[in-house]
Amino acid sequence: MADNYIQVNSVSKHFGVGEARKMILNKISFPIEKGSFVSIIGPSGCGKSTMLQIIAGLQEAAEGEVILGNKKVDAPPFDMVYLFQQYNKSIFPWKTVKENVKFGMESRKKWSKSEIEQRSNEMIELVGLYDCRDYYTHQLSGGMQQRVAIARALACEPDVLLMDEPFSAVDAMTRGSLQDLVLDLWTKLGLTILFVTHDIDEAVYLSSRVIVLNRAPRNLAADVSIDLPYPRERLTTPEMPNFLKYRHQLYEEIFDAEKRGNSEEIMA
Amino acid sequence: MKKLWHSRLSGVLLIVFLLLLWEWTVTFGIVQSPSFPSISSVFKSWGTLIVSGELFQQLGSSLYRMFMGYFIAAVLGVFFGLLMGYYRFFYFLLEPLVEIFRPIPTPAYIPIAILFLGLENEMKVFLIATATFFPILLNTFSGVRQVDQVQIDTGRTFGLTSGEIVRKIILPCAIPHIFTGLRISLGIGLIMVVISEMVAANNGIGYFILQAQRTFEVSNMYAGIFTLGAIGYLLNVIFVRLERKIVHW
Ligand SMILES: Nc1ncnc2c1ncn2[C@@H]1O[C@H](COP(=O)(O)OP(=O)(O)OP(=O)(O)O)[C@@H](O)[C@H]1O
Ligand SMILES: [Mg+2]
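Heads up: the protein sequence lines correspond to chains A and B, in order.
Residue numbering for the first sequence follows our numbering, beginning at 1 and increasing consecutively.
Residue numbering for the second sequence follows our numbering, beginning at 1001 and increasing consecutively.
Looking at chain A on its own, in the form it has when it is part of the complex (with noise of 0.2 Å):
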């Protein structure tokens, strides 16, 4: 049990009562070591943002407990952000694209004024949004506006974060140099990432470990180390042998899980 930091102790969610109620996480547990890069997929629907709202302290636990450090998550831990997977909902329209970065910088209280204004325009630099610092969100693309969302938390630098589906709105392109730069802070910072992707090869490239989770009952369907060596690159990394085997396991380990789910729904 080296360094686990975080610790999800069987922890159980349903939605509705009555006839409508309807489990989506059941007594799944998991540790997650400091300073790993973990990626989570799963079906759409399955609870993984659930999930993470859950660790984030966004939402109760019916059962089961969430531990950060040593201490039981029972509201929003300090050094933990959350990335809303909707993005466009979580920003403000009232502010400019720069307001907006500014916000959970001014909001952690560790930085002075002057260092919350450069870093703010460098991580604005970064996610490549330096021409629109002064637009408001509606004169936005939802790619851009995604941007926006994702260079607010990474401003921040939390000790742990939490991305649900980050990329989802942007090009493949803006997506290649977004994946760099989020893998360039973890390595810089040392933070504890868990990321939400539906796309294999992001999350293969990105992680050093993997977990599938499936639609309740048995939630969690497989649990994969990653060993590859970081830095990865964007070229050579995907061609690795090692790259292709795991990609391989996992599709074969997402439709088995399919599958099962399936058929114990059926049973059920």
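These aren't lab readings, by the way, just hints derived from the structure by calculation.
Backbone N, C-alpha and C fix where the C-beta goes; we use that ideal spot for every residue, glycine too.
Among the clues, some could well be false.
Looking from chain A toward chain B, a few residues come up when the C-beta cut is under 8 Å (computed) [claimed, not checked]:
1) His14
2) Ala56
3) Arg108
In silico lysine to aspartate or glutamate, EDC-like type, Cα no more than 16 Å apart, as pairs [said to hold, decoys possible]:
4) Lys113(A) with Glu99(A)
5) Lys110(A) with Glu65(A)
6) Lys110(A) with Glu157(A)
7) Lys72(A) with Glu60(A)
8) Lys71(A) with Asp159(A)
9) Lys34(A) with Asp79(A)
10) Lys1168(B) with Glu99(A)
11) Lys1168(B) with Asp159(A)
12) Lys22(A) with Glu63(A)
13) Lys89(A) with Glu1095(B)
14) Lys245(A) with Glu202(A)
15) Lys109(A) with Asp1148(B)
Okay, the calculated beta carbon distance ranges per label pair [unchecked claim]:
16) Arg1145(B) with Glu19(A): 24 to 32 Å
17) Asp1148(B) with Pro217(A): 46 to 54 Å
18) Glu125(A) with Ile1050(B): 34 to 42 Å
19) Asp1148(B) with Lys245(A): 38 to 46 Å
20) Gln1149(B) with Leu189(A): 27 to 35 Å
21) Gln1149(B) with Pro217(A): 22 to 30 Å
22) Gly1187(B) with Leu189(A): 54 to 62 Å
23) Gly1187(B) with Gln139(A): 29 to 37 Å
24) Gly1163(B) with Leu189(A): 28 to 36 Å
25) Glu117(A) with Arg1145(B): 44 to 52 Å
26) Arg260(A) with Ile1100(B): 55 to 63 Å
27) Gln139(A) with Asp1148(B): 51 to 59 Å
Put chain B with the ligands on the given structure of chain A with help from the hints.
For chain B with the ligands alone, coordinates are given in the frame of chain A:
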């Protein structure tokens, strides 16, 4: 020619036409009544009142009362609206009270207000504040209720305290609704100031109109009413400008 009917000019022309109609009904003797002076004499009186400064004095007293009441209502309405919208406790505590008092037309309080506050400004400010309070409260409340949970949770995940969430997220989210309430109340404030001045006052535009009628200065009476129209229009224009400036996104 076709363009004319698709521009604002047509509306202005209609007003000019109606004023001319008014003038002719009097000059051609179609309507003959001391209560119905020609529009030209109304404008003449209006001009005299403006030049002498009397009108502005009356208007000043009215606007002072109105904005005192309106300001109090705005502060309290926004404050309690935020409280009731964000904290369920305050909603359950205050909602029944609001629902009991809201349907009562404010003029019904005039006798009580006179008993407790007398005939001076306090009474009028109280009535104006009471009448303008509810639209501001209710619009603020509904503005807060429709704030997306994701916006609130964004504040929480970035470590905002609940006070900061109200100030930095709920308030700006609800601002457009708050302005709707404020604009509705602006009209109501003007109504209330006139009513309260007609009931008991020795200055103000409501008093002036009533007094003109009682002393048979009929064209002054009409001039007073026109003044209210003009000031109502002007206040609304200023308000909309301000709103556009603040709710700029
Ligand atoms: N507030 C809620 N009320 C009722 N049901 C909910 C609520 N939030 C989520 N659910 C249900 O919980 C399930 C899991 O939702 P969740 O958003 O966690 O899925 P997900 O794995 O993130 O899916 P996706 O990949 O599509 O984002 C879904 O079936 C959803 O309908
Ligand atoms: Mg999701």
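(message) So if I understand the rule, the pair passes when the alpha-carbon distance is 16 Å or less; does Lys1168(B) with Asp159(A) pass?
(response) violated (24 Å)
(message) Hint check: Lys72(A) vs Glu60(A), CA-CA at most 16 Å. Holds or violated?
(response) holds (12 Å)
(request) Sort out whether Asp1148(B) lies within 16 Å of Lys109(A), counting only the CA atoms. (result) violated (25 Å)
(request) Could you grab the alpha-carbon distance between Lys110(A) and Glu65(A) and see if it respects the 16 Å cut-off? (result) violated (29 Å)
(request) State, for the Cβ atoms of Gly1187(B) and Leu189(A), whether the hinted interval 54 to 62 Å holds or is violated. (result) Since the Cβ atoms of Gly1187(B) and Leu189(A) sit about 56 Å apart, the hinted range of 54 to 62 Å holds.
(message) Between the beta carbons of Gln1149(B) and Leu189(A), is the distance compatible with 27 to 35 Å?
(response) holds (30 Å)
(request) With respect to the beta-carbon atoms only, verify the hint that Arg1145(B) and Glu19(A) lie 24 to 32 Å apart. (result) Since the Cβ atoms of Arg1145(B) and Glu19(A) sit about 28 Å apart, the hinted range of 24 to 32 Å holds.
(message) Holds or violated: Lys1168(B) and Glu99(A), Cα atoms, limit 16 Å.
(response) holds (12 Å)
(request) Would you check the hint for Lys113(A) and Glu99(A), treating anything up to 16 Å between C-alpha atoms as holding? (result) Holds - the C-alpha atoms of Glu99(A) and Lys113(A) are around 13 Å apart, at most 16 Å.
(message) Given a hint of 28 to 36 Å, does the C-beta separation of Gly1163(B) and Leu189(A) actually sit inside it?
(response) Since the Cβ atoms of Gly1163(B) and Leu189(A) sit about 30 Å apart, the hinted range of 28 to 36 Å holds.
(request) Could you say whether the range 34 to 42 Å given as a hint is met by the Cβ separation of Glu125(A) and Ile1050(B)? (result) Since the Cβ atoms of Glu125(A) and Ile1050(B) sit about 59 Å apart, the hinted range of 34 to 42 Å is violated.
(request) Would you check the hint for Lys34(A) and Asp79(A), treating anything up to 16 Å between C-alpha atoms as holding? (result) Given pair Lys34(A), Asp79(A) holds - Cα atoms ~13 Å apart, limit 16 Å.
Hint violations for this structure: numbers 1, 5, 11, 13, 15, 17, 18, 25 and 27, all remaining hints satisfied.
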